[in-house]
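*Asks:* The primary structure of each chain is shown beneath.
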Amino acid sequence: MTTKTLASANARFLPALFAAVLGLGIITLTGHVQAQALHDAAHDVRHATGFPCH
Amino acid sequence: MFSRIVTSALFAGAAAGLIAAVLQLVFVQPVLLHAELYESGELVHFGAQAATAHPDLPGFEPLRDGLSVLFSMLTYTGFALVAVALMSLAESQGHEVNGRTGILWGIAGFVAVQFAPGLSLAPEVPGVASADLVARQIWWTGTVAAAAVAMWLIAFGRNWAMWGLAAALLLAPHVIGAPEPDGFAGTAPPELASLFAARAFGVGVAAWVLTGCFAGYFWRREGARTA
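These protein sequences, in sequence, are chains W and X. For the first sequence, my numbering assigns the number 53 to the initial residue and increments by one for each residue that follows. For the second sequence, my numbering assigns the number -7 to the initial residue and increments by one for each residue that follows.
Isolated chain W (complex conformation) (with noise of 0.2 Å):
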């Protein structure tokens, strides 16, 4: 593999690496993290989105 098409691999690679995990830090706070708060308030969309909530 050349540079050129290493560095278009890694130009279309990285920037879906880092959406998805911003997506997934998202998914972990809305949907497990336990924190009193975050929980109260995330708890209707646990349960009806399927988390497990308690």
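Keep in mind the hints are simulated off the structure, nothing from the lab. A quick note: this is a predicted structure, and the numbers were derived from the prediction, not measured. Each hint can be trusted.
What follows is a list of derived Cβ distance ranges for each label pair:
| no. | chain 1 | residue 1 | chain 2 | residue 2 | range |
| --- | --- | --- | --- | --- | --- |
| 1 | X | P173 | W | F65 | 41 to 47 Å |
| 2 | W | V85 | X | W152 | 36 to 42 Å |
| 3 | X | V36 | W | G77 | 37 to 43 Å |
The C-beta atom is built at its ideal place from N, Cα and C for all residues, glycine as well.
Given the structure of chain W, go ahead and fit chain X onto it with the hints provided.
*Replies:* Below, chain X without anything else, positioned relative to chain W:
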């Protein structure tokens, strides 16, 4: 590229999450509030007399329901970020991504994120008995990850080995088994519990199909705009 992914996902996730929140508040929330009357002990359904199926339920609560709308939009934005990131990879491999194919992405997302884990960890009404939370979260996360890989292999795999692996990834978490409670202590009547699970799945399908469709649409539109 990154800003195109994030912009598309924000639009798609916020719109789908808002619609999901409205559907949840109309169809799921009344069942949840009803079950909470049993959780708190205000209603009981064991004994000689049947409990009323039509108690007075709390109406719209601005803070509680407003937070639900906000968290629904956030959650679906998170889903959309992952979906659009994967869409960008699929497109770079020559697969067409638009609002129409996005519907298929949405169905795959529903299967991976709600149906696959929900098959063994059914959507729970408040007050049910369940196993240790962390154990369930680990099983949920593993199941969603396995099912997501499986959906990708089904969609883009080219031979039976890949499709066979997808089937194994879909089945394995359920053969292993989800964490189960030691005993049953659920307070809500089965009528409510089953209705809750069915409604959660139904709203989930609608929300996910919209998420996928919007994600594909905005991804295409942002591409045309920035090209």
